[in-house]
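Trainee: Let the sequences and hints guide you as you build the complete structure.
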Amino acid sequence: MLRLESRPQPSRTMMFASPLLAALAMLVTGSLLFTLLGHDPLHAFHVYFIKPVSSAYGAGELLLKATPLTLCGVGLALGFRASVFNIGADGQLTMGAIAAGGVALFFRGIDAWWLLPLMVAAGAAAGMLWAAVPAVLRTRFNTNEILTSLMLVYVAHLFLGYLVHGPLRDPEGFNFPQSRMFHDAAMLPLMVEGLRTNAALLLALLSVAGAWFFCSRTFAGYRMQVSGQAPHAANYAGFSEKKNVWLAFLLSGALAGIAGVGEVAGPIGQLQPSVSPGYGFAAIIVAYVGRLHPLGVLLSALLMSLLYIGGESAQMEMQLPSAITGLFQGLLLFYLLAADLFIHYRFKPAARADSAAGIAGH
0 MLRLESRPQP
10 SRTMMFASPL
20 LAALAMLVTG
30 SLLFTLLGHD
40 PLHAFHVYFI
50 KPVSSAYGAG
60 ELLLKATPLT
70 LCGVGLALGF
80 RASVFNIGAD
90 GQLTMGAIAA
100 GGVALFFRGI
110 DAWWLLPLMV
120 AAGAAAGMLW
130 AAVPAVLRTR
140 FNTNEILTSL
150 MLVYVAHLFL
160 GYLVHGPLRD
170 PEGFNFPQSR
180 MFHDAAMLPL
190 MVEGLRTNAA
200 LLLALLSVAG
210 AWFFCSRTFA
220 GYRMQVSGQA
230 PHAANYAGFS
240 EKKNVWLAFL
250 LSGALAGIAG
260 VGEVAGPIGQ
270 LQPSVSPGYG
280 FAAIIVAYVG
290 RLHPLGVLLS
300 ALLMSLLYIG
310 GESAQMEMQL
320 PSAITGLFQG
330 LLLFYLLAAD
340 LFIHYRFKPA
350 ARADSAAGIA
360 GH
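Residue numbers for the sequence shown follow numbering that gives the first Met the number 0, beginning at 0 and rising by one.
Be careful, since some hints might not be right.
List time: in silico SDA-like cross-link candidates among lysine to any residue, alpha-carbon distance up to 20 Å [what the hints assert, rightly or not]:
no.: 1; residue 1: Lys-242; residue 2: Gly-220
no.: 2; residue 1: Lys-50; residue 2: Glu-316
no.: 3; residue 1: Lys-242; residue 2: Thr-142
no.: 4; residue 1: Lys-241; residue 2: Arg-222
FRET-style restraints, in silico, Cβ to Cβ [claimed, not checked]:
no.: 5; residue 1: Lys-241; residue 2: His-45; range: 48 to 54 Å
no.: 6; residue 1: Ala-349; residue 2: Ala-58; range: 48 to 54 Å
no.: 7; residue 1: Leu-117; residue 2: Pro-272; range: 22 to 28 Å
no.: 8; residue 1: Met-150; residue 2: Ala-208; range: 29 to 35 Å
To be clear, the hints were calculated from the coordinates, so they are not data collected in a lab. The beta-carbon is built from N, C-alpha and C at its ideal position, and this holds for glycine as well.
Mentor: Next up, the structure:
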């Protein structure tokens with residue numbers, strides 16, 4: 000008979016092993032699922048995980064989708080470390096895309112070096128402003144930031160839909176809900192000719208390096224970590240909770256906004272009713288699978304990107320529904336939460352534990 004008991008201190012081994020265990024459990028469950036659907040698991044895994052990255056183009060697509068996941072995931076991880084739960088990165092990404100698209104359309108036809116930096120700055124500012132709304136509500140009225148940031152996602156999506164159906168709709172677009180295509184000066188340069196990976200990847204890598212420096216080498220990063228791990232100690236030390244909330248929301252909002260710029264000034268090239276297949280929500284899983292560490296987030300983003308392009312490959316070759324991607328993402332998060340239990344708890348034989356208690360009593 001086993002019972003669950005609290006560990007004297009968190010297990011560092013399980014802290015790093017739990018994402019691997021979660022990924023393994025996801026694969027085992029996936030093999031059972033493919034079997035039930037009448038597919039050979041080995042062939043299905045080859046189609047899902049190997050074939051998509053077996054070519055240079057596939058590797059480029061992997062990096063392309065990992066870029067917004069990294070940007071959003073790094074920003075969310077900074078907040079989660081301070082127990083500030085921004086769930087609205089997808090809305091902040093959308094607002095960043097809208098702002099960057101507005102700049103591109105306003106300066107349409109102008110070929111200037113400053114246009115792309117202006118678009119990135121506008122996207123970051125829009126993401127920060129959208130993230131500032133739940134920050135104000137949390138610090139001013141003690142409102143739950145999970146609910147407010149989540150609800151603002153749908154407001155941002157509806158606002159984008161209004162713009163592409165109305166003021167920003169392409170007059171020569173045969174009434175399709177989309178803006179004009181951006182001109183060349185408003186498009187991010189490609190990293191490799193023939194691939195769709197663009198310069199937003201460099202911004203994502205820069206965000207990883209910057210977040211690592213912020214967390215490990217700055218007092219603000221230390222203050223946020225202490226506030227997340229030991230809030231009573233942070234209060235005793237005089238660390239301001241409001242500063243942490245504002246800093247977490249503004250940083251994550253800016254990075255999500257830049258991710259939106261990377262989408263509309265990259266593979267999409269215009270404003271459409273949807274500019275994200277749910278990157279902001281998937282980034283929550285990315286942050287936790289990456290253990291809220293910038294480098295871990297980068298590796299986790301590559302895994303999540305593989306789930307995206309693997310799902311597309313499975314749809315085309317095996318005629319599986321598009322929901323297969325969300326299923327694997329959900330399985331990964333579910334097993335990660337289950338494995339994380341053993342960071343703070345462990346199984347122990349009940350008989351031995353009772354004997355020890357009896358001896359201690361005597």
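Trainee: If a hint holds in the structure, say so; if it does not, say that too.
Mentor: Comparing the hints with the structure gives:
{"no.": "1", "hint": "Lys-242 to Gly-220", "in the structure": "11 Å, holds"}
{"no.": "2", "hint": "Lys-50 to Glu-316", "in the structure": "11 Å, holds"}
{"no.": "3", "hint": "Lys-242 to Thr-142", "in the structure": "16 Å, holds"}
{"no.": "4", "hint": "Lys-241 to Arg-222", "in the structure": "12 Å, holds"}
{"no.": "5", "hint": "Lys-241 to His-45: 48 to 54 Å", "in the structure": "51 Å, holds"}
{"no.": "6", "hint": "Ala-349 to Ala-58: 48 to 54 Å", "in the structure": "51 Å, holds"}
{"no.": "7", "hint": "Leu-117 to Pro-272: 22 to 28 Å", "in the structure": "25 Å, holds"}
{"no.": "8", "hint": "Met-150 to Ala-208: 29 to 35 Å", "in the structure": "33 Å, holds"}
Consistency note: the structure conflicts with none of the earlier hints.
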